[in-house]
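Please put together the full structure from these sequences, using the hints given.
Protein sequences appear in the order of chains A and B.
Counting with the working numbering, you get residues 3 to 531 for the letters of the first sequence.
Counting with the working numbering, you get residues 3 to 531 for the letters of the second sequence.
Source of the hints: derived by calculation from the structure; they are not laboratory data.
These numbers were taken from a predicted model, which means no experiment stands behind them.
Fair warning: there could be bad hints in the mix.
Since the list can't tell identical chains apart, any single copy or any two copies may satisfy a pair.
Simulated pairs of lysine-lysine, BS3-like, Cα-Cα distance not exceeding 27 angstroms [said to hold, decoys possible]:
#: 1; residue 1: Lys303; residue 2: Lys191
#: 2; residue 1: Lys388; residue 2: Lys378
#: 3; residue 1: Lys19; residue 2: Lys378
#: 4; residue 1: Lys303; residue 2: Lys19
#: 5; residue 1: Lys421; residue 2: Lys378
#: 6; residue 1: Lys356; residue 2: Lys19
#: 7; residue 1: Lys191; residue 2: Lys378
#: 8; residue 1: Lys356; residue 2: Lys295
#: 9; residue 1: Lys458; residue 2: Lys487
#: 10; residue 1: Lys295; residue 2: Lys191
#: 11; residue 1: Lys191; residue 2: Lys19
Protein chains: 2
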Amino acid sequence: MQPYALTIDKFLDHAAKWSGEREVVTGDAGEAIGRIGYAALRERSNRLSGALLSLGLKAGDHVATLAWNTQHHLEMHFALMGAGLVCHTLNPRLTVANLAMMINDAEDRALAVSSNLVPLLIELAPHCPTLEHVIVMDDVHGEFSLRSARVWMHDALLESRGAPARWGDFDENTVAGLCFTSGTTGKPKGVLYTHRSNYLHTLRSLQGDATALTGSDVVLVAVPMFHANGWGMPLAAPTVGAKMVLPGRHLDGASLARLMRDEAVTFAVGVQTVWLGVLDHLDATGGELPALKRVLIGGSKCPEALIRRMEERLGARVQTSWGMTELSPMGTIAPPDESSTGASGRPPMGLDLKLTDADGVTLPSQRGTVGHLKVKGASVVARYFKAETDALDADGYFNTGDLATIDEDGNLTICGRSKDLIKSGGEWINPAEIEDIVGRNPAVGLVAVIGRQDEKWGERPVLIMEPRRGQLPDVEALLGSLRGKVADWWIPDQVLWVEAMPLAATGKIDKNRLRADYASGSIVVHGGN
Amino acid sequence: MQPYALTIDKFLDHAAKWSGEREVVTGDAGEAIGRIGYAALRERSNRLSGALLSLGLKAGDHVATLAWNTQHHLEMHFALMGAGLVCHTLNPRLTVANLAMMINDAEDRALAVSSNLVPLLIELAPHCPTLEHVIVMDDVHGEFSLRSARVWMHDALLESRGAPARWGDFDENTVAGLCFTSGTTGKPKGVLYTHRSNYLHTLRSLQGDATALTGSDVVLVAVPMFHANGWGMPLAAPTVGAKMVLPGRHLDGASLARLMRDEAVTFAVGVQTVWLGVLDHLDATGGELPALKRVLIGGSKCPEALIRRMEERLGARVQTSWGMTELSPMGTIAPPDESSTGASGRPPMGLDLKLTDADGVTLPSQRGTVGHLKVKGASVVARYFKAETDALDADGYFNTGDLATIDEDGNLTICGRSKDLIKSGGEWINPAEIEDIVGRNPAVGLVAVIGRQDEKWGERPVLIMEPRRGQLPDVEALLGSLRGKVADWWIPDQVLWVEAMPLAATGKIDKNRLRADYASGSIVVHGGN
Numbered sequence: 003m004q005p006y007a008l009t010i011d012k013f014l015d016h017a018a019k020w021s022g023e024r025e026v027v028t029g030d031a032g033e034a035i036g037r038i039g040y041a042a043l044r045e046r047s048n049r050l051s052g053a054l055l056s057l058g059l060k061a062g063d064h065v066a067t068l069a070w071n072t073q074h075h076l077e078m079h080f081a082l083m084g085a086g087l088v089c090h091t092l093n094p095r096l097t098v099a100n101l102a103m104m105i106n107d108a109e110d111r112a113l114a115v116s117s118n119l120v121p122l123l124i125e126l127a128p129h130c131p132t133l134e135h136v137i138v139m140d141d142v143h144g145e146f147s148l149r150s151a152r153v154w155m156h157d158a159l160l161e162s163r164g165a166p167a168r169w170g171d172f173d174e175n176t177v178a179g180l181c182f183t184s185g186t187t188g189k190p191k192g193v194l195y196t197h198r199s200n201y202l203h204t205l206r207s208l209q210g211d212a213t214a215l216t217g218s219d220v221v222l223v224a225v226p227m228f229h230a231n232g233w234g235m236p237l238a239a240p241t242v243g244a245k246m247v248l249p250g251r252h253l254d255g256a257s258l259a260r261l262m263r264d265e266a267v268t269f270a271v272g273v274q275t276v277w278l279g280v281l282d283h284l285d286a287t288g289g290e291l292p293a294l295k296r297v298l299i300g301g302s303k304c305p306e307a308l309i310r311r312m313e314e315r316l317g318a319r320v321q322t323s324w325g326m327t328e329l330s331p332m333g334t335i336a337p338p339d340e341s342s343t344g345a346s347g348r349p350p351m352g353l354d355l356k357l358t359d360a361d362g363v364t365l366p367s368q369r370g371t372v373g374h375l376k377v378k379g380a381s382v383v384a385r386y387f388k389a390e391t392d393a394l395d396a397d398g399y400f401n402t403g404d405l406a407t408i409d410e411d412g413n414l415t416i417c418g419r420s421k422d423l424i425k426s427g428g429e430w431i432n433p434a435e436i437e438d439i440v441g442r443n444p445a446v447g448l449v450a451v452i453g454r455q456d457e458k459w460g461e462r463p464v465l466i467m468e469p470r471r472g473q474l475p476d477v478e479a480l481l482g483s484l485r486g487k488v489a490d491w492w493i494p495d496q497v498l499w500v501e502a503m504p505l506a507a508t509g510k511i512d513k514n515r516l517r518a519d520y521a522s523g524s525i526v527v528h529g530g531n
Numbered sequence: 003m004q005p006y007a008l009t010i011d012k013f014l015d016h017a018a019k020w021s022g023e024r025e026v027v028t029g030d031a032g033e034a035i036g037r038i039g040y041a042a043l044r045e046r047s048n049r050l051s052g053a054l055l056s057l058g059l060k061a062g063d064h065v066a067t068l069a070w071n072t073q074h075h076l077e078m079h080f081a082l083m084g085a086g087l088v089c090h091t092l093n094p095r096l097t098v099a100n101l102a103m104m105i106n107d108a109e110d111r112a113l114a115v116s117s118n119l120v121p122l123l124i125e126l127a128p129h130c131p132t133l134e135h136v137i138v139m140d141d142v143h144g145e146f147s148l149r150s151a152r153v154w155m156h157d158a159l160l161e162s163r164g165a166p167a168r169w170g171d172f173d174e175n176t177v178a179g180l181c182f183t184s185g186t187t188g189k190p191k192g193v194l195y196t197h198r199s200n201y202l203h204t205l206r207s208l209q210g211d212a213t214a215l216t217g218s219d220v221v222l223v224a225v226p227m228f229h230a231n232g233w234g235m236p237l238a239a240p241t242v243g244a245k246m247v248l249p250g251r252h253l254d255g256a257s258l259a260r261l262m263r264d265e266a267v268t269f270a271v272g273v274q275t276v277w278l279g280v281l282d283h284l285d286a287t288g289g290e291l292p293a294l295k296r297v298l299i300g301g302s303k304c305p306e307a308l309i310r311r312m313e314e315r316l317g318a319r320v321q322t323s324w325g326m327t328e329l330s331p332m333g334t335i336a337p338p339d340e341s342s343t344g345a346s347g348r349p350p351m352g353l354d355l356k357l358t359d360a361d362g363v364t365l366p367s368q369r370g371t372v373g374h375l376k377v378k379g380a381s382v383v384a385r386y387f388k389a390e391t392d393a394l395d396a397d398g399y400f401n402t403g404d405l406a407t408i409d410e411d412g413n414l415t416i417c418g419r420s421k422d423l424i425k426s427g428g429e430w431i432n433p434a435e436i437e438d439i440v441g442r443n444p445a446v447g448l449v450a451v452i453g454r455q456d457e458k459w460g461e462r463p464v465l466i467m468e469p470r471r472g473q474l475p476d477v478e479a480l481l482g483s484l485r486g487k488v489a490d491w492w493i494p495d496q497v498l499w500v501e502a503m504p505l506a507a508t509g510k511i512d513k514n515r516l517r518a519d520y521a522s523g524s525i526v527v528h529g530g531n
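In structure tokens:
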């Protein structure tokens, strides 16, 4: 058989050749402000490669992007990866300190930034000595300069230095992308994606029981491209020649609803929060989205009632999924033709799952029991960026750090983080189960259960909550709600509340900080029993 | 990213784990005579590997199969490929001489045979000195022995020597299969499939605009597994956990219609001839196939009127396709949600096409012009079995030998074989276009246009036909039907007819023999002008 490197420049080549007029639409606050066919996008992106190489950037160099989902950002992705450069996506919602740490760790030589993020960049740049070039993308308002790096405007750069570049032509194991994990459980860790891993992830995600994307679909990519490869959509859409709608910075309900209606979006991809915003907007305005067929959600468990409400109001099937940065990111997904009960679906061909006990021994039954979730596949991390050892067990599986169950039909449900488990009297307590029950109390805003050291039991659970504004939960009622639902010895010994729960950049509760604050006594406790 | 070899044993492992109860049904003359879940099939197949290895077969050895589509045959496929043996499929409709040539060329050490093909095997075996073992599959009637090879019964072998075997655990470029081309244009040539090429072919074929196969489908595999990997279906169905129906030897309309109805087949795969048989049967009996949604056809161009008739009578969408043994075999396919006009669809991601002129120069326009079709991809042959050079051009493309056009929407139509082109006065004549027009005459059964040597023009076209029984076509009317539709100088100088057109094993006209017979004057001419 022919040698044929699995490199992702082939996706855009294919789109340009077979779906050349199919559009990529860029939105801004709900308005379509730009549209381009795949053939023209391929041509611009390829010439942008030439421009980037003319700046002295070389295959293997790291280039950061700090940007929203736009045509320029997509052009930059393909321009970088096609030429063998590494595209390092950054989350603009992180702190300057976090971003600087990542840029320095990655030794990024250049950075492409959305124009409305230039203020953040100006704050950031002095802390990033490796940056030689900055490319300003999207609509540009005014010029500026930096002390340490040369500033280019995307379109002007393309015009002055754009030149056809040779794409691909390297080994499929060449690194294509770099993304740091959210760091909710410690220091952010970098994941290096290869062309092969992205290529196979894309083909895997296109299966009929996964995204089932086709050339007649119109895909709204409301998950940011900086967030775990935009769930693979920016690669999957051109691969099948689907029209792609990139919403820009604004993910509010009104903006998304307008774009979805105007562009006749059939398949919408993003975390459930953004669809709740769309729901609220539709409820308030009485709008409809007649073209919409499916909504892909992920990120966190979605209650079944909420899925039904979304399906009813949006007139579309909701597909649940689970993934993580380390998985490129797709893990499991519910098929389009099945009604999801809130579980996260099954793995498409190409991802192997197993559940083990705390010692890494495969559970005798892989169905109906909670276990530590391990995964294996061509798009799964083996070793974190700059790490000295692989993050794999003896069988080559990666430990997700998640606790999960698999039901009789094979559907996965994540039910906690293994690091959050509390060992009391030699037995495990799963905080997520307690949080799930307590969280249903209408007076409770956020809730976290952590372990405290205990002389007799080793650890004992402590419940910490942030009440809803103006509410004061009844502690006895809260603990009473747990009785009969969890073992008696799982019930927390102590209940505290705080004014504001510490959150990580992704919006998840930062349990590390909570544990540290609790241990050091510095936690601001406003009450307790 | 993790090392993760793309080996096809993973398909059956995945099916066993996630669709373990989903069935593989074997039919015989329309009756379901066996059914097994993927988990049990995986267990049997894996232990069959152990049994085969216990016979002294070693990774890399070639083992032939001479069999219909049955559970035993499928078990044998996975048993061979999972253990690193090479599965060499043979077409039972070839001659003993042809089969012996292939077995000897492949140096097959063993052969697995359907029990009802034992008479053919007994004829064949004395000509195949490399065969050490014969495994008799399917229902066994009586025993027999061979002088040169030891005979085993499939189930008895599994029972006496079956043992768990280690699957995979080798490089993805390991050879998995061998299939000889039909040899309509010369000596049959062997194509070696690798695990990687089969794995990627499977993922490619599962795209939503290709087979779009899902776990809720029930697939009837009416294309023989010995014919270009059964169009990839025996690998694709377990990959997504689709129920698979293997019809056995009998592909007549009554047998297939009964199986399709009884097993609620949703997706039926095979050449158009078999569906015409089903149509006739339904017309005669008034039956319906309510579960059927799609029929995938290929092999030769299908007139649009016939597609519409099939769609109406079967109540299903017809997907057209084009492929060849050298492509594993899928080339192009019409999407499920488009009404096919008879063209063969577009290439899914992962297959690159180009049209060139006779000198191999890429045509400036790839749309609307007839060109020589070249292809590139991870599942495309690079070098034939035992060939000393690659069959590729300077850009790494394989020459299909076909002439084709691509319309504005990207749909491919094959319009002749480049070897059949006739060069007259320095310009090309495409016999397929002439044959297409003449073939519409109701008095004409089969028709072929070949070139004869000509002193003045180099070559000139000769039309040879086999009239329909009892008919005698009017030569002047035939030639007249060409006027205005092809250039005047394309019109054949000579029209002959024969009692029986020479056919290759696949049923296609054997033009090589026709040319040789014509040149040697040995053609049996019953008339002419």
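Going through the hints against the structure:
{"no.": "1", "hint": "Lys303 - Lys191", "verdict": "within (24 angstroms within a copy, 54 angstroms between copies)"}
{"no.": "2", "hint": "Lys388 - Lys378", "verdict": "within (21 angstroms within a copy, 37 angstroms between copies)"}
{"no.": "3", "hint": "Lys19 - Lys378", "verdict": "between (34 angstroms within a copy, 14 angstroms between copies)"}
{"no.": "4", "hint": "Lys303 - Lys19", "verdict": "between (39 angstroms within a copy, 24 angstroms between copies)"}
{"no.": "5", "hint": "Lys421 - Lys378", "verdict": "within (20 angstroms within a copy, 48 angstroms between copies)"}
{"no.": "6", "hint": "Lys356 - Lys19", "verdict": "between (41 angstroms within a copy, 10 angstroms between copies)"}
{"no.": "7", "hint": "Lys191 - Lys378", "verdict": "within (19 angstroms within a copy, 38 angstroms between copies)"}
{"no.": "8", "hint": "Lys356 - Lys295", "verdict": "neither (32 angstroms within a copy, 35 angstroms between copies)"}
{"no.": "9", "hint": "Lys458 - Lys487", "verdict": "within (25 angstroms within a copy, 96 angstroms between copies)"}
{"no.": "10", "hint": "Lys295 - Lys191", "verdict": "neither (36 angstroms within a copy, 47 angstroms between copies)"}
{"no.": "11", "hint": "Lys191 - Lys19", "verdict": "neither (38 angstroms within a copy, 32 angstroms between copies)"}
The structure shown violates the earlier hints numbered 8, 10 and 11.
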